[in-house]
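Participant: Protein chains in written order, with the working numbering: chain A, 7 to 404; chain B, 911 to 1246; chain C, 66 to 290.
FYI, nobody ran anything at the bench for these hints, they're computed from the structure. The structure presented is a predicted model; accordingly, all values stated were derived computationally and were not measured. Careful: at least some of the hints might be erroneous.
[What the hints assert, rightly or not] Lysine-lysine pairs mimicking DSS-like chemistry, simulated, CA-CA at most 25 Å apart:
1. C:86 with C:255
2. B:1219 with A:255
3. B:1219 with A:14
4. A:236 with B:1071
[Unchecked claim] Selected chain A positions facing chain B (Cβ under 7 Å, derived; list incomplete):
5. 259
6. 309
7. 372
8. 373
9. 380
10. 384
11. 389
12. 393
13. 395
Even for Gly, the Cβ is constructed at its ideal location relative to N, Cα and C.
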Amino acid sequence: MAQRNLEKQLNILDYALSSLWRRRLKSLSLLLVFAAVIFLLASFQMVTQALTDKARQVLVYTPEITLQKMSVGRQEAIPLAYREQLAGIFGIRRVVPRIWGYYFDEVRLANYTVMGMELGEMPEGARLDTTLSGGAMPGTDERGRVVIGQSIKKALALEGRTTFSLFRPDLSLTSFEVSGEFSPDTDIMTNDLIVMGLAEARDLFAIPAGLVTDLCVYVANPTEIETIAKKISATLPSVRVLTRPQIQKTYQVVFGWRSGFGSICLLTALAAFVILAWDKASGLSPEERREIAILKVLGWETSDILAVRFWESVLVSGLACLAGMTAAYIHVVYFAAALFRPVLMGWSVLRPELHLAPRIEVGNILLILAFTVLPYLAATVIPAWRSATVPADSALGG
Amino acid sequence: MFLNPWSLALSLCSLVALVLGAVAGRTAVRVLRFWEPGSDSNRQIRLENEIWLSSTLVAYGLGFQIITLILFVLAADQFCQVIVGAMCATGALLANPYGMPALLVKLVGIFFYGFWILIHQLDIRSEHYPLVRIKYLALLLLLPLLVLDASLQTLYIAGIKPDIITSCCAVVFGESAGDATGNLITGLSQQGLLAAFLVSLAGLVLAGFSLLKRWRPWLAGLYAVGWLWFFGLSLVVITSVISSYVYAMPYHKCPFCMLKPEYYYFGFALYGALIPAAFFGASAALAGLVRGKAGLRGVVDRYQQLAIKISLVLLLIFSGLSCYHYLKYLISGGEG
Amino acid sequence: MLIELSGVSKIYNQGKANEVKALADIDLEVEQGSMVCLKGPSGSGKSTLLAIIGCIFPPTSGRAAIAGRQLARLPDRFLTLHRRETIGFIFQRFNILPELTVLDNITLPLLPLGVPPRERRQRAEELMERFAISHRAQFPAGQISGGELQRVAIARALINSQPIILADEPTAHLDTVLSQEFMEIMQQLKTTGKTIVIASHDPLAFEHPAIDRIVIIKDGSIHVP
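Using the sequences plus the hints, can you model the full thing?
Facilitator: Pasting the structure below:
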């Protein structure tokens, strides 16, 4: 009984394949349009996911807790003296002052992210050395040496030179020597980054002694982050306490929002496709009517014809999914999502060259199926039923 | 939080399911009003054709329901990354009061769609179509469930606000019970649970085999009730005992994380055995209820034998799977 | 009796303005191994009668038993299940699907029965050998000659060993030679025990010596001369 049923489904699948092949022009055009829609949605999904992953990867290098002083709802410089007040909190490994800001290069019309830190004070593992592709981080006593990201290297057009100059706020020049550069792997964070000693950054932005932009708190046990953050917040009420998990969530929300917004735009494409699929499926030609009537006289049940239509839909959508997702993967991995870059990464003047590696997971595949295949199946079910109920006697003449 | 691909996919699926449900509901109303067995009027021919439409729609509904159930859990797992304090899907589902009810309604939905398809399959085996009225009444009853499902899900998604502190699963199921976070499962001793689990399992196997030998309606009823009990119990046991062996972390007690690739999609195998097993186990008695209808006796008898066999085989697979990590732990002593 | 109709009538669109009484009070019995011709002009109701005998739709009233099964009050699905076990159909113009190969056309009725490909092939090969069309097995049916097409249609009607063969105006679009050939094949089938009902108003068919009985249909009822 079960054996027969299986054989029957196989036979019907076989017939569905041959039926698609007989109408190959129609099937192929539908398949291509469907694959294109899936390609767009899948690319979008893969890019967002890869970017989220990348951000998380890079966030490993940010301190567990960042402290900023807020005044009138805006951030302002934080006194170094606050470090003493944190000394009593148990679980803090180290507090490192940092000057972190943007430098607008008026000559090259580009924004750089500048990070000045007492690099020697940073705890093991949190130093950025591992992200370097060449050179070394500036030593504690070395003056004027910096590490730069890939696109800064390009913007400065160094070409073999190792020195460059930037303006202080009073328009006097200060010069730097490049001692290393960041690897392209962490481009999303380090692409437009210049890392220097705290003293150089203070000099470049003319920040008075005793003040920095923020304090980085390194915590010994990551599970204590929230507790320590609460204690710091209680000790220093005027300070904004940012934890790494919180930053991570913010990224996630932003990426999720962008991806959702993109999906809504792409839903219009999907809707158009579903209408097309409905239209193609419901236009029953006289030949098709005749074929179904003949099959029914020969002993095919209504449910058998429905099964043929179901398998046809599954085959078309399965193939379209395979093609669309493969194309999307290639697009994202080898072409760095060239089509969507402007939408997804509008936060920087310098566009990082990304090397994205999306994960292939059951969940993501299911998500794309839910977006594409289910609406398609739903759109074809009623036309399929209409065609399956063509009466058998219409095959008889006279 | 609708502007997220997972929320959008879930809402889209619900919308599609509602539309298909409405079409099937229209057929149900027409069948209940105009069905005339034996007539060859055009209307009756149309209705006979519409039976195929509605059954296909419910079959699609079942497929959609299974996919959205998985999608819902995976979505919750994504949401937890934006909800402060939620470390996995459990935390995200508890972030507002609609999460767990939505999940349960989806699960119940799978059973009801399945039962409907079973009744339909039995019905079309008899040339009298004896279950037509029951079938379409049941279909009309499915519709409120569909609406409830969609509304709970929408309320849940609408209620997800990034940055609401929720309890992570280590707190929800952990042994530090006592704070006011409202734990799902507390006060149950592991030994007691395991004992109940093993006794129920043995009981089911015994009842199943004796039913295969000789059919007794009261025992079949007991078997069905036993399966529903065992299903609930298994969910508790998976959450509070099996899961921590799967994750090899004593305080990670979550029934959902095992669906993730980190655990080799183990949960799909586990639930993929448990849910159909419970369905077939419970359905044998349900099929027995309609055995008296014209032309169904032989069909029902054959189905019942098959259903008991399937449920026993799946039970065997399920118990093998649930012991696997525990045995691995015993043998390797927790070393990898 | 393999075919037993008593008091059969068929009314289309009953109770509507466009109501048509296609058949009225038909009594007909055909025993196994006989060959009957339903004769009548088009519109006389013989196609409707053929459809009722062929289990395509049930009669509006009356009793119709085909191969021992009552058709009245039977839902469409069970008519289909009964039809595929008992009735082999040969259509006017044969209704062969031109893009499918000869082999695939012949085995079409076996697909929903769950017959595996190997067995399908085997059964079709026996029939193709019998009707001398084996060399055409892999040809698209649209590319073979009229005579071969006719034999493909007959092979398709026999593939599930159905006891009853129904032919609807089989010779209407054939020349004399092919019509003769068709009737000869029917005669052979009759000797193997098949019951054959042909609806036709072609003298080549109803005057053929193998025909046991001619039933004249006129305005929806059997005309007794």
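Participant: Give a verdict on every hint.
Facilitator: Right, here's what the structure says about each hint:
A hinted pair counts as satisfied when its Cα atoms are at most 25 Å apart, and residue 86 of chain C with residue 255 of chain C does not qualify at roughly 33 Å. A C-alpha spacing of about 48 Å is found between residue 1219 of chain B and residue 255 of chain A, which places the hinted pair above 25 Å, so the restraint is violated. With a CA separation close to 23 Å, the supplied pair residue 1219 of chain B and residue 14 of chain A stays within the 25 Å bound. About 21 Å separates the Cα atoms of residue 236 of chain A and residue 1071 of chain B, which keeps this hinted pair within 25 Å; it holds.
Among the interface hints, the one on residue 259 of chain A holds; its C-beta lies about 5 Å from the nearest C-beta in chain B, closer than the 7 Å criterion. Evaluation of the residue 309 of chain A hint against chain B yields a held restraint, the C-beta minimum of about 6 Å falling below 7 Å. Interface restraint check for residue 372 of chain A: the shortest CB-CB distance to chain B comes to about 6 Å, inside 7 Å, so the restraint holds. Checking residue 373 of chain A against chain B by beta carbon gives a least distance of about 5 Å; that is within 7 Å, so the hint holds.
Below 7 Å, beta-carbon pairs count as interface contacts, and residue 380 of chain A has one with chain B at about 6 Å; its hint therefore holds. At about 5 Å, the closest approach between the beta carbon of residue 384 of chain A and any beta carbon in chain B falls short of 7 Å, and the interface hint on this residue holds. Because the closest C-beta pair between residue 389 of chain A and chain B is about 11 Å apart, greater than 7 Å, the hint is violated. Contact between residue 393 of chain A and chain B, as hinted, is not supported at the beta carbon level, the nearest pair being about 11 Å apart and thus beyond 7 Å.
Nearest Cβ of chain B to the Cβ of residue 395 of chain A: about 4 Å, under the 7 Å cut. The hint holds.
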